[in-house]
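There are 2 protein chains.
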Amino acid sequence: MDRLPKCAANYTPLTPLTFLTRAASVYPDRISVIYGRTHFTWSQTYERCLRLASSLHSLNVRKNDVVSVLAPNVPALYEMHFGVPMAGAVLNAINTRLDANNIATILKHSEAKVFFVDYQYVTVASEGMRLLCDSLGARILISLVIVIDDVDLPKGIRLGKLEYENLLINGNPNYVPFSDDQVLDEWDPITLNYTSGTTSAPKGVVYSHRGSYLSTKSLVLHWEMKSEPVYLWSLPMFHCNGWTFTWGVAARGGTNVCIRNTSSEDMYHAITAHKVTHMCCAPVIFNILLEEKPDPPPHPVEIMTGGAPPPAALLEKIEKLGFHVTHCYGLTEATGPASVCEWQKKWNLLPIHQQSKLKARQGVGVLSLAEIDVKDLQTMVSVPRDGKSVGEIVLRGSSIMKGYFKDEEATRKAFKNGWFLTGDVGVIHPDGYFEIKDRSKDVIISGGENISSVEVESVLYRHYDILEAAVVAMPHPFFGKTPCAFITSRSKFVTKKNDQETKREREIIEFCRKSLPHFMAPKKVVFLEELPKNATGKIQKFELRALAKTYLTSESTLHVKSIDQQTTTPRRYVPNDNNHQHPQREQVLANSRL
Amino acid sequence: MDRLPKCAANYTPLTPLTFLTRAASVYPDRISVIYGRTHFTWSQTYERCLRLASSLHSLNVRKNDVVSVLAPNVPALYEMHFGVPMAGAVLNAINTRLDANNIATILKHSEAKVFFVDYQYVTVASEGMRLLCDSLGARILISLVIVIDDVDLPKGIRLGKLEYENLLINGNPNYVPFSDDQVLDEWDPITLNYTSGTTSAPKGVVYSHRGSYLSTKSLVLHWEMKSEPVYLWSLPMFHCNGWTFTWGVAARGGTNVCIRNTSSEDMYHAITAHKVTHMCCAPVIFNILLEEKPDPPPHPVEIMTGGAPPPAALLEKIEKLGFHVTHCYGLTEATGPASVCEWQKKWNLLPIHQQSKLKARQGVGVLSLAEIDVKDLQTMVSVPRDGKSVGEIVLRGSSIMKGYFKDEEATRKAFKNGWFLTGDVGVIHPDGYFEIKDRSKDVIISGGENISSVEVESVLYRHYDILEAAVVAMPHPFFGKTPCAFITSRSKFVTKKNDQETKREREIIEFCRKSLPHFMAPKKVVFLEELPKNATGKIQKFELRALAKTYLTSESTLHVKSIDQQTTTPRRYVPNDNNHQHPQREQVLANSRL
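For the record, the sequence lines run as chains A and B. Be aware that the first sequence starts at 1, since it is given in UniProt numbering, and climbs by one per residue. Be aware that the second sequence starts at 1, since it is given in UniProt numbering, and climbs by one per residue.
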């Protein structure tokens with residue numbers, strides 16, 4: 001049977017580009033993209049992608065060249081997910097929240113041959129290119145910068161001669177795409193996504209056609225996304241290519257509703273006007289949806305969330321509003337979501353808060369992975385399924401990235417003994433569902449005990465007055481480290497330290513102690529106007545840790561002591577308590593959660 | 001980016017075996033298999049498969065060896081879909097409706113190293129092995145024949161020493177399966193399925209791990225099969241490995257309800273007792289379900305049908321009973337269904353009979369295919385999308401078979417210019433959905449016009465009194481060929497030719513003429529007690545064609561003439577009418593529809 005050869009009929013490269021050719025073939029007249037008053041059908045989208053690919057070819061873009069883009073969720077960015085690889089090139093969608101310096105770093109590292117810039121971002125892009133020229137000691141070829149004007153309401157802003165729509169007009173609708181040329185290998189790169197790099201320089205995660213195809217199909221399946229979805233682009237497409245749903249909506253012949261901003265007004269308007277069925281977002285967007293909810297509430301919408309562990313209390317609130325949440329977990333390196341908290345029918349019988357607690361777990365591996373596990377990295381042995389023993393979450397399968405672009409060292413460190421190391425610490429529950437306890441670097445080791453900052457945060461989120469919470473390690477003379485909570489509050493108040501604040505701090509600490517062992521409750525609560533966040537909206541814990549260090553020798557130490565007097569004795573340091581001690585690790589990975 | 005290498009973490013072979021390891025890991029305590037009073041959980045099924053694989057290894061089964069099995073839908077056959085490839089071997093599930101001669105042919109051609117036989121089939125299996133010994137001129141090693149006794153109600157029947165459950169007891173539950181050994185290549189064979197071969201010797205279709213994985217995931221997705229399905233095994237597992245749902249139910253962590261017989265009593269009992277959500281079957285099973293429907297009707301069940309074009313009238317009836325039908329089309333060579341008639345919401349507004357007509361079309365390609373098309377085989381040009389122009393349905397993609405085992409000639413003929421030729425003739429409608437008009441060999445060329453036997457049959461099925469219908473070409477002195485209908489009737493009657501029958505024949509011909517051009521209506525209707533069928537339940541049209549030939553010189557000719565007198569003049573032969581003339585083909589492929 002081994003003599004039966006592969007041929008063009010029975011062995012075709014796996015690539016999400018086939019989702020578009022199929023959509024154009026079998027749903028030619030269905031609406032593919034909506035943006036303002038602009039609509040396209042799948043046959044139009046296909047033609048526009050062909051035109052784009054042919055124009056890129058004319059601009060001398062060749063196989064494996066990088067095409068960068070800085071744009072919000074506009075039709076052009078959607079089309080580039082197909083048009084760029086159809087030219088054999090690699091799409092690099094840059095986070096629009098980055099500053100000029102970051103942009104220059106990425107353009108330099110990726111060696112982008114073409115740079116598309118949405119009209120709204122020409123200032124930061126120009127500044128980025130200026131920095132790039134400075135660093136390269138040369139002038140950048142401005143002819144390769146192409147502005148994307150607003151397709152719905154053109155503004156006329158330019159940065160050089162080229163403009164996206166003009167490029168399409170001059171493109172060839174009969175271009176034979178790269179993927180049809182029998183030259184595509186499914187291991188070829190399709191996109192390059194830079195991690196946010198909270199602790200290190202951004203790393204360029206390379207996806208293959210194969211990995212993207214497999215991940216996309218799995219996620220459509222796990223979300224149980226039926227035919228003809230109407231998908232709202234509330235999640236930036238530059239996040240893991242929209243968690244692969246850029247390609248997934250084409251696979252399902254759905255409609256992409258593009259919006260420039262994720263304001264509650266724009267989102268609710270789109271939901272109602274276009275009868276949105278599906279949307280993705282980080283849990284932080286729930287707050288936006290909850291703050292300005294319409295009356296009456298909108299029709300039920302399927303919402304996939306990830307990027308940070310959603311507090312159970314927040315899940316409960318958003319579901320009460322009529323959204324049905326599917327919770328997933330992933331990383332840029334896993335080509336989007338790697339696990340999903342698959343719902344079990346028997347859980348429907350549980351009280352709602354218990355349901356939310358179950359749903360807040362990260363769940364089970366997606367079908368595109370060969371395996372997902374929680375292991376002791378020293379021994380590579382799986383932890384017991386007791387919901388307590390912590391280890392590192394590790395993955396393997398064909399949806400894992402090819403590696404980090406031009407970074408052999410980081411690639412080598414990320415792959416160990418046939419596994420990809422996520423850098424996330426978790427447990428496996430007896431039912432086989434795993435749960436993240438923390439980023440390995442965010443675990444607080446207090447008196448020899450591991451404290452999950454996520455666990456403490458999830459308790460804080462249950463407090464009516466807390467909008468956002470982040471818990472980090474604060475130095476402690478006796479325990480080594482102890483938890484310190486930074487919060488933003490619903491009720492506005494004077495940040496100056498006063499009696500009222502002390503009272504509120506004590507109240508919150510007491511609140512935590514009702515649900516947590518005392519040693520896990522924060523010993524200090526700091527009220528901030530806003531939590532420090534990076535460009536992807538992730539809380540910058542390293543900044544908070546730096547802040548927390550300043551409390552050691554100040555009044556807070558006394559404060560901590562005074563609280564300690566009221567506690568039961570915390571558990572002491574037990575040097576060889578393997579069940580509770582987190583393995584010391586020299587290397588802390590800086591992978592990027594979704 | 002090309003320097004980023006494949007490694008064990010990011011490039012794992014695609015294989016449906018991962019669906020079982022995943023199910024055992026994340027749904028360990030869910031019910032995997034129900035058979036009578038016997039229940040297994042996913043962790044038990046996994047262990048049983050490991051034991052089976054280790055025992056096969058002990059029996060000296062090695063990579064690419066064939067393991068044949070002759071069994072109905074019992075747990076052992078389900079387990080073999082994982083256990084056999086876990087030993088590196090290739091599963092060959094033999095159609096239980098075959099006779100001893102067919103069985104001997106398959107055992108000889110496949111060079112099966114082990115032969116599992118369900119206790120109910122020991123007689124025919126023994127006879128098959130006797131024939132095999134005769135043909136090989138040697139005694140077969142009886143030690144490699146293993147009886148599968150009934151796991152629920154053991155009968156004690158043996159054929160040599162070995163028995164399936166004993167084999168498992170002696171197996172090693174800690175066996176390291178072949179797939180875990182890093183030695184599996186996704187192009188390796190996983191199963192060998194013999195086509196029913198209506199016109200030629202059976203051909204052995206070889207599936208790869210890759211193709212099976214891709215096809216399974218696509219079909220679960222297209223059927224929109226949610227988590228925790230309860231799947232009734234009404235479709236034999238020996239048909240394309242149960243249209244891949246042997247693996248698909250594991251992928252979804254579902255429950256397999258195994259039944260030995262597809263009697264209406266057993267099916268309805270299982271549906272009610274186990275709250276069945278999904279089942280597959282050929283349209284012929286609809287008749288069984290309709291004949292003895294329970295009162296009240298069962299809860300709604302998702303039913304996937306294929307294997308023969310379902311008449312719209314039959315679809316309408318079965319859906320009225322509460323079954324929701326998904327219609328698909330495929331062939332053994334396509335690793336199960338290759339297309340699905342994906343429902344469009346706007347069709348819900350149409351009258352029910354129009355909905356059924358739309359649903360009777362074969363639909364759009366599944367996501368595991370790179371492409372599906374209808375082409376003129378002479379020029380390899382796609383036919384226009386007009387719903388009229390006929391061509392051959394062709395496929396390409398990674399879910400297509402590796403080829404025919406030990407048959408290079410047939411493999412070469414099946415693959416042409418990078419396409420797999422289905423041997424089915426169809427049209428593409430303007431909306432992109434394709435529809436089968438016939439097997440290429442079943443097209444009736446009458447006076448230069450192509451008549452689709454399927455189209456005539458679908459009209460016949462609308463007649464209240466017709467249970468089954470098959471239309472074939474009958475020689476005609478003027479038109480060359482003309483349609484002849486063979487039918488089985490609901491109302492029992494004396495088959496002897498008499499006035500009553502002539503009256504009924506005329507009535508049916510008139511009925512057809514109301515919906516068809518006169519030249520397409522049958523010129524002869526023959527009433528049979530039963531239509532000739534092969535082991536897979538497919539109507540043997542070649543037998544009917546032989547029968548139809550006998551009518552040429554008999555009374556039917558006169559009869560045809562007498563009817564002709566009442567007709568408008570049929571369209572004449574137009575030699576170069578390319579739109580209507582089916583391309584003459586020397587080679588008629590004998591592929592096997594699902």
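Careful: at least some of the hints might be erroneous.
Derived coverage of chain B by chain A (criterion: at least 3 residues anywhere in the stretch with Cβ under 8 Å from a Cβ of chain A; other residues may be distant) [stated by the list, open to error]:
#, stretch
1, 94 to 101
2, 451 to 462
3, 525 to 532
4, 538 to 551
Straight-line distance between alpha carbons at most 30 Å, and here's what the computed DSBU-like set of lysine-lysine pairs gives [stated by the list, open to error]:
#, chain 1, residue 1, chain 2, residue 2
5, B, K406, B, K388
6, A, K275, B, K538
7, B, K6, A, K63
8, B, K538, B, K413
FYI, nobody ran anything at the bench for these hints, they're computed from the structure. All figures in this text were calculated on a predicted structure; none of them were measured in a lab. Even for Gly, the Cβ is constructed at its ideal location relative to N, Cα and C.
Cross-check of the supplied hints:
1. 94 to 101: Since three or more residues must qualify, the claim that chain A covers the stretch 94 to 101 of chain B is violated, with 0 doing so at under 8 Å.
2. 451 to 462: violated (count 0)
3. 525 to 532: violated (count 0)
4. 538 to 551: It is violated: at least three residues are needed, and the stretch 538 to 551 of chain B offers just 0 whose Cβ sits closer than 8 Å to chain A.
5. B:K406 x B:K388: violated (38 Å)
6. A:K275 x B:K538: violated (45 Å)
7. B:K6 x A:K63: holds (19 Å)
8. B:K538 x B:K413: holds (24 Å)
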